[in-house]
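My request is simple: use the sequences and hints to build the entire structure.
2 protein chains.
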Amino acid sequence: MFESAELGHKISKEVYSHEEPLLREQLLECQYELLAAKRFPVLVIISGADGAGKGETVNLLNEWMDPRLIMTEAFDAPSQEERQRPRFYRFWNTLPPKGHIGILFGSWYTSPIEERVSGDTKTVELDAAIEEIVRFEKMLTDEGALVLKFWFHLSKNRQKARLKALEANPKTRWRISDTEWEQFKHYDKFRRISEHTLRKTSTGNAPWIVVEGTDANFRSLTVGQTLLKTLRARLGSPDLPSATANLPPIFAPVDNLHLLQTLDMSQVMAKKEYNAELEKWQGRLNSLSRHPEFKKLSVVFLFEGNDAAGKGSTIRRVTQALDARRYQVIQVTAPTDEELAQPYLWRFWRHLPKRGSITIFDRSWYGRVLVERVEKFCAETDWMRAYAEINDFEEQLINHRIVVVKFWLAITKEEQLARFKQREETPHKQFKITADDWRNREKWDQYEHAVCDMIDRTSTEYAPWHVIPSNDKRSARIQVLRSCCESIEEALNE
Amino acid sequence: MFESAELGHKISKEVYSHEEPLLREQLLECQYELLAAKRFPVLVIISGADGAGKGETVNLLNEWMDPRLIMTEAFDAPSQEERQRPRFYRFWNTLPPKGHIGILFGSWYTSPIEERVSGDTKTVELDAAIEEIVRFEKMLTDEGALVLKFWFHLSKNRQKARLKALEANPKTRWRISDTEWEQFKHYDKFRRISEHTLRKTSTGNAPWIVVEGTDANFRSLTVGQTLLKTLRARLGSPDLPSATANLPPIFAPVDNLHLLQTLDMSQVMAKKEYNAELEKWQGRLNSLSRHPEFKKLSVVFLFEGNDAAGKGSTIRRVTQALDARRYQVIQVTAPTDEELAQPYLWRFWRHLPKRGSITIFDRSWYGRVLVERVEKFCAETDWMRAYAEINDFEEQLINHRIVVVKFWLAITKEEQLARFKQREETPHKQFKITADDWRNREKWDQYEHAVCDMIDRTSTEYAPWHVIPSNDKRSARIQVLRSCCESIEEALNE
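So the sequences go chain by chain: C and E. 1388 is the number of the first residue of the first sequence in the numbering used here; add one for each residue after it. 1388 is the number of the first residue of the second sequence in the numbering used here; add one for each residue after it.
Everything labelled a hint here was simulated from the structure, so no lab data went into it. Since this is a predicted model, take the numbers as computed values, not measurements. Take these hints with a grain of salt, some might be off.
When chains are identical, the list treats them as one kind, so a pair holds in a single copy or across two.
[Said to hold, decoys possible] Calculated lysine-lysine pairs in the DSBU-like style (CA-CA distance at most 30 Å, straight line):
#1 K1587 <-> K1509
#2 K1658 <-> K1543
#3 K1683 <-> K1509
#4 K1509 <-> K1741
#5 K1572 <-> K1558
#6 K1741 <-> K1485
#7 K1860 <-> K1800
#8 K1509 <-> K1576
Right under this line is the structure:
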C-alpha cells in the first residue's frame, strides 16, 4: 500500500515555482466552473501520519482556491452537542453542497484508527467502523459526490529523521515532547492498522490516494494536480444514469520517479555462486514440500513480469525442485469464450490448489489491471474496482491457509530490446517473439504506470509483491526460490 | 421484512390453470432470447423456511423452462474436494455463464444462517460472513450478473399448522420426526436471524424478494412472473457503461392482496371512551418524558400516511402531552435548494434530537421511497438503494439510544374522498386541500404499492412500522399515543 510513497519523491524549487502559478490558476477556474454547474459536491479527505504535511496542505488548498467556496473542517474531540448525536452527525453537518468543495482534515477515519492503535478497541470494532464507513461513502458516491481521499505517508526512517531534526533545531524543539516519541514507538502498529483500514475502504468509486509526505513541493503539486485532473474529467463528462458509474479519481504523480526505477538492476551473480545457491534453495524447497505439516497448507506462486523477463525459465527452476504430483502450472493466455462468459476471477478459482499442493500461475488475475487496463479491454470503473475485488479474493485464500507468493519480474527497456533481438536471431527461440510483443513494448510507459498502481493497491501485509530485478537471470532465479522457501517456512511456523 | 408474506396470499386453481401456460410460454421465449444475446448470466437464489416450497419451485422452474440451459445446484455438506478450498469455491464453480440461468437451492446464505441459529457461531461471525456475501454479490452485479434472491416465508402459525397436517395424514406422517418439531422450537430465533441477514444483504442491485410460501399456486406464479418481468426489462434495456447501473429485479405480486387491505378499518371509539383514554395515555406520555432516565434517551416519532389521514391532528394530541422545551416538530415539505444540493438524508440528520428530547417528523426520509418514487423525482436505482440506506441510518440512531417510532396512518379511498370534500366545503379548512391532493389521489394504487414495499423493506425488529387504521380518528390517536408510550417504556427498561 505504501510502496510508492517511500521512494523519496522530490520536486525542485525551480519546477515548483514554475508549476504552482499555473496549477493555481487552473484550479480556481475549475472551482468556478464547479460552482456554476452545481452538479455535484467535492469532498477532499486529508488523512495520514503526523508531520506528513496534512495541515499545510489544507491551508495551501484554501490559499490556492477561493476559500469562501470551501468548507474546511477539522475534527477534534466531539462537542457536547455532537456527543448527544450518532457518530456521523458531525460529518453530515459538514458535507459541502453541490458546486462546493469540502476539505475534511481528519474525518471519519481518525477515531477508528486512533482507538485501535491505542488499544481502546479491538479488531472487530475497527471492522464494524470500517463497514459503516464503506456504506456511508457508497451512499455519498451513489448520490453523486466526488470523493477524493488522500493519505499522507512517511516511512519509518523519515519519521524518525523528522523528529530528530525538529529536536535538534532550537526554534522547533518545543514541538517535540515525550508524546511525539511515545507515538513513534507505535509506528509499526499504526502502519499495520492504517494499511488494513486503507485496503478495506479503497473502493472503486472512492479509492485511497497515497502521497509521500516528506517533500512539501511534491506533495502539494501531487494533491493539486490530482484534484485538478479529477475535477476536469468529471466536469467534462455527462451525469450518468446512475451516479455509481461515475469516474474514479485520477491520481496525478507529478514527478517521474516510480517504484520500478528504484530497483537495483546492477546485480550480477557469477555462475559458480549461482550453481551452489540453486542447489541449496531447490533442495530447501523440495524438503519443505515434503514437510509433514505441508499437507495442511496449499500454495500459490504467481508470476507476472515484463515480456522476456524470464517467467518461463524461472518457473522451471521452481518446478525442478518439486515432485510432479504436487504442483500444477497454469499458463494464463487470452480468455476462452467459456471464460469470457464468467466474471474475470472465475477462471482462477477453478485452479486453486488442494491441500498439500502448489499451483503456479504463469500470469494471473492481475491481467485485469495490466493488459485489460492498458489495452482498454475493460472500462476504467471496472479495473478500478478490481483492486478491491482482488484483495478480497486473496484474503479469502490466506484465511484458508493458502500461501500466496506474488512475483513481478522486472527488466529494463534496454534489456528487453536486447532479448527480443536475440530471440529473433536464434532459430529455436523465434516462436517466443511475436508482433504482440513489439506492440506491447510501444506502450512501455503505460504498462509501467499500471504495474506501479497494481503494486501500490494490492501489495498487502498478507500477500506482498516481490519485485525482482531480473536483468541478471541468475540472481533473479535465486531470489525467487528464496522467497518461495521463506514464505512457506513462515506459514509452517504459524 | 415479512409483513406482506403473512397475509394468506392465495391463487385459485382456475386462475392458475389460465395463467400458467401463458407464463410458461413467455418464460421459455425469454430464456432463448437470453441465450441468443449472451449478454449476462442470471442467478436465481431460492432460500427460506423449510416446507415453504423451495424444492417444488426449483423443480417447477426446470419444468417450465429448458432444463438444458439451467444449472441447478443444491448445496449439501461440502465434498472432500470442496473442503480443501475456500468457502466460496463451490459457488464459483457453479456460476452460470452469460446467457444461462443458474438456480441455487440454498446458496451462500444457508450455512451462515444455520450455524448462527444452532449457536455454533456468534453474531460477529455471522456479520463477517454477511460482509463477505455483500462484497461477492456486489462483484457479481458489477460484472453484469442479474441476481434474483427469493426468500420463501411461512408465518409461525402456518408452519405449525403445516407440521400438524403432515403428522395427521398417514401418508405423510413419515416426513415429520422429532427433528422437525425440534427445529420448530427455534422458529423465533430463525426468524430473527433471517431478518437480520436479509436486511443487511438487501442491496439496491440485489434486493431480497420475500414470497409467502403457503399456497403453491401463489408462490409459483409470483416467482415465475418476477423472473419473467425482470428478464424482459433487462433484455430490453441497453448495457450501461457500468454494470452497477443495471436495473434491479421487478417484484411482480400475482394477486391483489396487500398489507393495507388486511387492516381492520371498522374500529370505532365512542367519544366518552376516547376522552378517558386520551387523558390516560397523554398523562402517561407526559410522565415518561419526565422520567429521570429519559435524559439518557432521545426519541423520534415519525408520521407518514395518506393525504387527509389526520397526521396533523394526531401530532397535536402527542405534543399536547409534552413540555414545549422537550420536543420539536419538523414539517417536511418539498426540499429547498439548499437541501437539494445535499444527499437526501442530510436534511433529517440536522434535526436529530439531543438527549432527553423528542423530534416529531411530519413526513420524513420515507419521501424518497414514496413521493419521489411514484412521481419519478429519482431513478429506480436510486430509490431501490434507499431502503438499505434508510435501514443503515435508523440502525445508527438505535445504536445511539434514539427510540424510533414510525407510524403509517391509513385511511380508505372512500374515506379520503369524504374528507377532501368536507375540506372543500368548510371555509377554514379549504387551505388544507390543493390540486396536488387530487392529483396524488389519482395515483392511489401506485402509492399503495410503494407503501407496501416500504413497510416490507424497512420494518425492522429495531424500528418496526406501526400501521394505524385511521378512518376513525379517535381510535387512531389512542393507538398512536399508546405505541409512543410503550416504545419509550421498552427503551427505559433496556
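Evaluation of the provided hints:
1. Taking the shortest alpha-carbon separations for K1587 and K1509, both the intra-copy value of 16 Å and the inter-copy value of 22 Å come in at or below 30 Å.
2. Taking the closest pair of Cα atoms, K1658 and K1543 never come within 30 Å of each other, the shortest separation being 37 Å inside a single copy and 77 Å across copies.
3. Taking the shortest alpha-carbon separations for K1683 and K1509, both the intra-copy value of 29 Å and the inter-copy value of 26 Å come in at or below 30 Å.
4. Taking the shortest Cα distances, K1509 and K1741 sit within 30 Å of each other only across copies (28 Å), while inside one copy they are farther apart (33 Å).
5. For the identical chains of this complex, K1572 and K1558 are intra-copy neighbours only, at 24 Å inside a copy versus 74 Å across copies, given an alpha-carbon limit of 30 Å.
6. Taking identical chains as interchangeable, the C-alpha atoms of K1741 and K1485 lie at most 30 Å apart only when they sit on different chains, with a minimum of 28 Å there against 52 Å within one chain.
7. Taking the shortest Cα distances, K1860 and K1800 sit within 30 Å of each other inside one copy (15 Å), while across copies they are farther apart (82 Å).
8. In this homomeric assembly, K1509 and K1576 come within 30 Å of each other (Cα to Cα) both inside a single copy, at 13 Å, and across copies, at 28 Å.
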